[in-house]
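Enquirer: Could you slot chain H onto chain Y? The hints should help.
If you read the sequences in order, they're chains Y and H. In terms of numbering that gives the first Met the number 0, the first sequence opens at residue 0 and continues consecutively. In terms of numbering that gives the first Met the number 0, the second sequence opens at residue 0 and continues consecutively.
Honestly, the hints are just simulated from the structure, not real lab data. Virtual Cβ for every residue (Gly too), placed ideally from N, Cα, C. Honestly, I wouldn't trust all of these hints.
Pair by pair, the computed Cβ-Cβ distance ranges are [claimed, not checked]:
#1 H/Pro323 with Y/Asp158: 33 to 41 Å
#2 H/Ala45 with Y/Gly160: 32 to 40 Å
#3 Y/Ala319 with H/Gly88: 22 to 30 Å
#4 Y/Arg63 with H/Ala124: 36 to 44 Å
#5 Y/Gly160 with H/Ser286: 31 to 39 Å
To be clear about the criterion: a stretch of chain Y counts as covered by chain H if any three or more of its residues have a C-beta under 8 Å from a C-beta of chain H, and this derived list gives those stretches [stated by the list, open to error]:
#6 45-58
#7 67-79
#8 186-192
Single-letter residue listing:
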Amino acid sequence: MEAEPHPTRNPSARRGLDRRALLSAAVGGGALALPGLARPRPARADRATRRVVVVAFAGGVRSRDTLGAEGSVPFLEEMASEGVLYTRVRTANLGHFGASLSILTGVAEPRGIRENARGPSPTLFEYVRKDLGLPPGEAWIATSGGTQQTNFSHGVHPDYGARYGANTLDGDGLFNAEFRDMIASYGRPRSVEGRERELLAQMRASLGGGEGAGAAEAAAQLEEYVLGELARGTADIRGANAADAKALRVARNLVAIFRPTLTGVVLQQADVAHGSFNAYLEVVRRNDAALGELWNAVRADPELAATTAFVVVPEFGRDADLNARRGLDHGDGSDDLNYVSAVCWGPDFRSGTIVREEVGVVDVCPTVCDLLGAQARHTRGRRLPRLYA
Amino acid sequence: MNAMPAARPARSPEPAARAGPGLARSAPPRPGRAQGDDGRTRADPARPLDARRLRAGFQDLLGRPPTLAERAEWSGRGLHELLDAHLGGEEAWRHWFEEQLYYFLLVDNFEPGSERVRAIPADLARGALDVRQALHRVAISPAFDRRNPGPDTFVSVVLEQLCGITVQKQPGELEIGKHVYDGGEGRFLGKLASSQADLVRVAVEDPAFARTLVAREHLRLLRAEPERKDLAAWSRAVHRDPAEFPGILRGWYLSEAWEQRLDLRVSPPNRLFVRSLFVDLVDRLPSEEETRRMRGALDGLSDPGPLRSVLARLLIDSGQAPVPAREDIEDPTAWIAGLFERLLGREASPEELRAFAVAFRDPACRPETVLVALCSHPEYQRF
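Pulled out of the complex, with its shape left as it was, chain Y reads as follows (with noise of 0.2 Å):
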């Protein structure tokens, strides 16, 4: 099937957060620092995408809600139309761990719905950390779903693992009012400098089994990192969709402030269909404003958007027709539950292109990998078509 054009929209202007701002909003809490940060080794020398975002847009999200209902999702259909819009992406019905992780894995395996284990495939992150040779920060995971989606970060294949998996913070878990004023009530813990330190360093050594130089650097950072965010506004969050919308604002703080290699999203709440139809187009679209904060961030920031591609698909949609409780499931089957759109967007990617060709979920997997320079081994999937300009 031929890639067409995209049919006219008219691109808003672009919204929201210029640099400073961001900057300013992100690192507001106090100083952070940023101990070793490689910086990613140009991937492919013949692209210029140098960092992918990921965004598992999850929960089940039907497409007739969004590309399909014009006006209901502004900043997809805006990214849409500078980009490349697939709108016959082949879901696998997992339940949404299974199917989620699909996504980042490039193979589509049974997975209990609330299995709280890795999977047996490698991920995305550790395809590409371990054949770029990147460290641990250059990979994150932002998540809205709790204990489970912590399983996102790697998989227990025997040639990947957890040394290549990527940081997951789950913004609702971590960055909560609750959370930050138990610290708070704690008081911040004493820093050990100066000789304390070298003593310190000493006994843990005596100790043995101890980590390695990078890995100790790489909590440094991250234990920097989530005192700084809890005294930022995330943990203020409110709102119907205030998990996701945390797991997205963790995202735009860490590309701003980490600019790693990749950041993955997964979001969850567009589930409240279930019992409510109306709640759940509420969620959809405070999702969509909430992407267009973290998009808008990338764009405002001319390195960042000379570099950044954005790959935006839901794990499945919904059924077809509502429920007895006036919500959506997902089970019968249908089109609109076994089918969704999928958007890319990126400095390497042809603008206002769809493509009606049918591909899978299981190809974001390879084509993240293939963009920038490394191989996903174990995938079912393909790299997506008609994609590079």
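Expert: Then chain H, alone, in the frame of chain Y:
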């Protein structure tokens, strides 16, 4: 049901039978005994609670390490005595119940709030409930329904979590279950069902329920898959009479497999880490609120290690931890050796002891620095 030859070992040969006379369960003093004779043997127990077994035993059984008073009470006694005292008690069932809630991901916003569900540990402890009835009660709770909304999700989770069935491999059961969920009639797992409650009842009465429960509990406690033959026997026993389950647990604790588990140290669940941190540093359990907030934050990280270290430092520096003043520590080496046993569940090697003692002699090293060194180390974060 047939005899279950392998289930009997699970009920464990009594330690007395295994280790010779004089190691029977502790008994209350009997009339006619000499004053001071509490009836206990003075022989060494078969599985004495050394630092390692004591810490791991409490953590596995109660989800926390022993307090200082409990250390004094239990050190050197037999593991079987600890089981006599706690296995089947309310605190042990509360720990088991919380592990089950985690298994079903009924945490945070989905934590069951109904009195009936919250009463499960107490009901188990007084024998008013068995494990099958307990999990049935969980699965018919509003929290379970809210966590798993809609027919597809609900039936999938019932099949997967209760019966260990991969729904993609048995799409027929899923379709029947969805029909039943919506009020239709159907033969679900071979039995007639016509409501959402029927789905749960049929699932927990299926032999696959007992097999799934035993397999996952074995993996949780012993960190190994059970042998197929043993699994079959234990599953038959639990399916026939779920009240057998505590006896099977007891057998596991007293088996070689649990001894081997002591060498397989893994990162503890965050809920266990938070409780351990409080008991180790403050000698009390955290409040529910403290547990929930800390655990929730830690659960938000794929690698909670760095944040665990932060929380340890927070607690140590908060003034809540009763850390002795430097001048009150008369014998630093003995104090440090005691910390190794209490916090790491093992003796310090001579090299470690020397390194810590040398460091502590430096005026820049505070007692808190020693605690931070131990509690922020990866070894403390394994159990």
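Enquirer: None of the hints should be skipped; say for each whether it holds.
Expert: Hint-by-hint comparison with the structure:
1. H/Pro323 with Y/Asp158: 33 to 41 Å: violated (49 Å)
2. H/Ala45 with Y/Gly160: 32 to 40 Å: The hinted range 32 to 40 Å holds for alanine 45 of chain H and glycine 160 of chain Y, with Cβ atoms some 39 Å apart.
3. Y/Ala319 with H/Gly88: 22 to 30 Å: Taking Cβ atoms as reference, alanine 319 of chain Y and glycine 88 of chain H lie about 52 Å apart, which means the hint is violated.
4. Y/Arg63 with H/Ala124: 36 to 44 Å: violated (53 Å)
5. Y/Gly160 with H/Ser286: 31 to 39 Å: Check passed, 36 Å falls within 31 to 39 Å.
6. 45-58: violated (count 0)
7. 67-79: Violated: only 0 residues of the segment 67-79 of chain Y have a Cβ under 8 Å from chain H.
8. 186-192: holds (count 5)
Hint compliance for this structure: hints 1, 3, 4, 6 and 7 are not met, and every other hint is.
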